[in-house]
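From first to last, the protein sequence lines stand for chains U and H. Going by the numbering used here, the residue at position 306 of the first sequence is 306; the numbering climbs one at a time, nothing skipped. Going by the numbering used here, the residue at position 160 of the second sequence is 160; the numbering climbs one at a time, nothing skipped.
Since the hints were made in silico from the structure, they are not lab data. None of the values given here were measured: they were computed from a predicted structure. Hints are not guaranteed to be accurate.
Any copy will do: because identical chains look the same in the list, a pair fits if it lies in one copy or spans two.
[As the list claims (entries may be wrong)] Subject to a maximum C-alpha distance of 25 angstroms in a straight line, what follows is the list of computed SDA-like cross-link-like pairs (lysine to any residue):
#	residue 1	residue 2
1	K384	S325
2	K384	E205
3	K72	A217
4	K367	T15
5	K384	P322
6	K72	P361
7	K166	G216
8	K72	R345
9	K72	A280
10	K72	E47
11	K384	R329
12	K384	L103
13	K192	I350
There are 2 protein chains.
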Amino acid sequence: MFQPSMHKPSGQGPTLGILGAGQLGRMLALAAAPLGVRCVCFDPEPEACAGDVSELVCAPWSDLDAVAAFAKRCDAITFEFENVPAATLRHASTLARVDPPVLALETGQDRLLEKQLFERMGLSVHPYEAASTAAEFAAACERVGFASGSGTGVVAKTRRGGYDGKGQAVIRSREQISAAWVALAGSMDARKDVLVEQFVPFERELSLIAVRGAGGAFASYPLTQNRHQGGILRESIAPAPSVPASVARHTARYMHDLMDALQYVGVLAIEFFLVRDAAAEDGARLLANEMAPRVHNSGHWTIDAAMTSQFENHVRAVLGLPLGSCEVRAPSVMVNFIGAMPPARDLLAIPGCRVHDYAKPARAGRKVGHATILDAQADDPRVKRVIELASAADARPV
Amino acid sequence: MFQPSMHKPSGQGPTLGILGAGQLGRMLALAAAPLGVRCVCFDPEPEACAGDVSELVCAPWSDLDAVAAFAKRCDAITFEFENVPAATLRHASTLARVDPPVLALETGQDRLLEKQLFERMGLSVHPYEAASTAAEFAAACERVGFASGSGTGVVAKTRRGGYDGKGQAVIRSREQISAAWVALAGSMDARKDVLVEQFVPFERELSLIAVRGAGGAFASYPLTQNRHQGGILRESIAPAPSVPASVARHTARYMHDLMDALQYVGVLAIEFFLVRDAAAEDGARLLANEMAPRVHNSGHWTIDAAMTSQFENHVRAVLGLPLGSCEVRAPSVMVNFIGAMPPARDLLAIPGCRVHDYAKPARAGRKVGHATILDAQADDPRVKRVIELASAADARPV
Chain U
1 MFQPSMHKPS GQGPTLGILG AGQLGRMLAL AAAPLGVRCV CFDPEPEACA GDVSELVCAP
61 WSDLDAVAAF AKRCDAITFE FENVPAATLR HASTLARVDP PVLALETGQD RLLEKQLFER
121 MGLSVHPYEA ASTAAEFAAA CERVGFASGS GTGVVAKTRR GGYDGKGQAV IRSREQISAA
181 WVALAGSMDA RKDVLVEQFV PFERELSLIA VRGAGGAFAS YPLTQNRHQG GILRESIAPA
241 PSVPASVARH TARYMHDLMD ALQYVGVLAI EFFLVRDAAA EDGARLLANE MAPRVHNSGH
301 WTIDAAMTSQ FENHVRAVLG LPLGSCEVRA PSVMVNFIGA MPPARDLLAI PGCRVHDYAK
361 PARAGRKVGH ATILDAQADD PRVKRVIELA SAADARPV
Chain H
1 MFQPSMHKPS GQGPTLGILG AGQLGRMLAL AAAPLGVRCV CFDPEPEACA GDVSELVCAP
61 WSDLDAVAAF AKRCDAITFE FENVPAATLR HASTLARVDP PVLALETGQD RLLEKQLFER
121 MGLSVHPYEA ASTAAEFAAA CERVGFASGS GTGVVAKTRR GGYDGKGQAV IRSREQISAA
181 WVALAGSMDA RKDVLVEQFV PFERELSLIA VRGAGGAFAS YPLTQNRHQG GILRESIAPA
241 PSVPASVARH TARYMHDLMD ALQYVGVLAI EFFLVRDAAA EDGARLLANE MAPRVHNSGH
301 WTIDAAMTSQ FENHVRAVLG LPLGSCEVRA PSVMVNFIGA MPPARDLLAI PGCRVHDYAK
361 PARAGRKVGH ATILDAQADD PRVKRVIELA SAADARPV
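With these hints in hand, go ahead and build the complete structure from the sequences.
Below you can see the structure in the form of structure tokens.
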């Protein structure tokens, strides 16, 4: 990693601080460099992969003196990881401008606040209830998912701290309720706050990624279609095929309103489920599932297939620069590499396959890279080949 | 800059050593990172701009112990600067594979060897003579540029060490010959080796950038049209408009032969003059002017407007990976920023303008960045706007 004391004095360009130095920080730093922006990442992990391409300050999140020293060197600060402690972020924000706003981070860290925000902004959500004890949980599951006419089960999620499918349980029969509570409660701290959502069969998972500038400018990428497995994103298709025009239009408008309401600056992602609804215009509607107040895995295709990547647009926004076009340059499919990277030579031999290796050591369940196949639809043989290579790499012992 | 002793151990990816850490090294490192390739640059200048995005080892070119320590850490070594001393490169090549081959570097460092290579490979060149004394120089100028029927002047160039228009003199009358010798001789070391080329009016300047893989695979970008001023590249238009098909085809074939002959691995650029010639097929032919055994300024448009950039293809080639497609994604115009960068917010407000700021302090005559305007022809108003901004920035006192 960089040795801060040896670092050369800043040229003309601004210095951007990034809290977190994982792959999102790495891709932010790679997008910032061509703009003449110098990045400094902050992460407790000395081997965090953004440290290969930017300066890395290594200290615990709780070391507020280190946070202050870091913040004083930055013209602006952002974060790549939504579990940055809000106290860390608030401390940094007393010394430098922090975007997206801390309120957005805190909302995104709490599934209940998030759902309440979606509802206030007019976005549809799954029927839900909050619970904090075993009894409340059982009652909520009954009312939301099993009482006559109310559904065929629930998805229970911890209010805070879950990601990539962790801290979630699908409950399809009453007999599973008490075991689910024990499992979820065991993964939480003293506060046992759980959200119980109705299980609603969905047709597809979609996400919307948008960016808002410091002066209120707004731009959004087209909806992306995502496939998760085991709670982890596996593939994205961009633009999402066959989305009714009314759905796309309404979703972008709600996103715009929501970002204005939060006085949001930077990239924001919202994940949706597309459900069939005969009563809705065009027969379908979106249920907002969760938001990520940062660049998002389902937007990685924008590096290679949009006029301006989500990473560059985030950097532009938080530094008060004009936003770039979100126009699509080519339809594409993104495939995540989980656990281990396939051999580079196999991937690079595939025409139109853009490879992104995060240079992280292999580990089961870990996102270690992705590829974007350009000018591709889901059924493209090149996509199938990349998925095969991804599966083979993931299956190898590490 | 990075502190080598603190550097994290290599993950799965290879380490690429780059001799030189200027903007070409910086863009190589930015292209290498997504492939999971870690770069280490070597440069005598501690503030060299590639040090922002990669590890930088700082030592004089002549410090062969430092070169050896650097080389031992690398899986492959390349260079971004053709004036790396050949002794440095030869020493490195005893410890790690170095590409492009040292022979190509030495040829590119010497205008006479370069011309002889072009001729051997069947490429047309300007009529020329070599000279090493004032008397030889005067005689060569007379024969090549002023004797009856032989032209209307010469361009005299030092055989070694010139770049960006330095070490050159245009001689349009016999009276200028002796002053030109004094000026050129003063810029050289003890060996006063000069090349005298016939002045040939040209229609346009073109360049060809191609890449050859370790196994002999070959790919070339389309010809690019370049405008120089004061010996410094100002703009490139890619693909070059209205080039006769026969010219493009022949040029790529000669390039392929030349790279095979040199057993070349990596990106090679050759600059040409397009001259009208009624006797030639399609009425035009190319005169090969010089070659650069490295990534080249006239290929910067490939970052944003080709399927695979010249930087990524160079990295792929020198690491023995499959080459990427050189297909054009959009016609584009590249504008260099000389002296100082225009304000980022002005550039980023221009639709389809991709900005590359090398984060170098402003200095007269220095290349500090470039922009590529996508989906553009030379007469696009956006191009004019970028050129205006470039001129205004260059004219500001620094």
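Taking the hints in turn, this is what the structure says about them:
1. K384 - S325: between (30 angstroms within a copy, 20 angstroms between copies)
2. K384 - E205: Within one copy only: 20 angstroms inside, 44 angstroms across.
3. K72 - A217: neither (28 angstroms within a copy, 50 angstroms between copies)
4. K367 - T15: Between copies only: 22 angstroms across, 28 angstroms inside.
5. K384 - P322: between (38 angstroms within a copy, 20 angstroms between copies)
6. K72 - P361: Intra 32 angstroms, inter 22 angstroms, cutoff 25 angstroms: inter-copy only.
7. K166 - G216: neither (35 angstroms within a copy, 48 angstroms between copies)
8. K72 - R345: between (43 angstroms within a copy, 24 angstroms between copies)
9. K72 - A280: neither (51 angstroms within a copy, 66 angstroms between copies)
10. K72 - E47: This pair counts as both: shortest intra-copy Cα distance 23 angstroms, inter-copy 22 angstroms.
11. K384 - R329: Both ways: K384 and R329 sit 22 angstroms apart in one copy and 24 angstroms across, limit 25 angstroms.
12. K384 - L103: This pair counts as neither: shortest intra-copy Cα distance 41 angstroms, inter-copy 43 angstroms.
13. K192 - I350: Classified as neither: same-chain Cα gap 48 angstroms, cross-chain 51 angstroms, threshold 25 angstroms.
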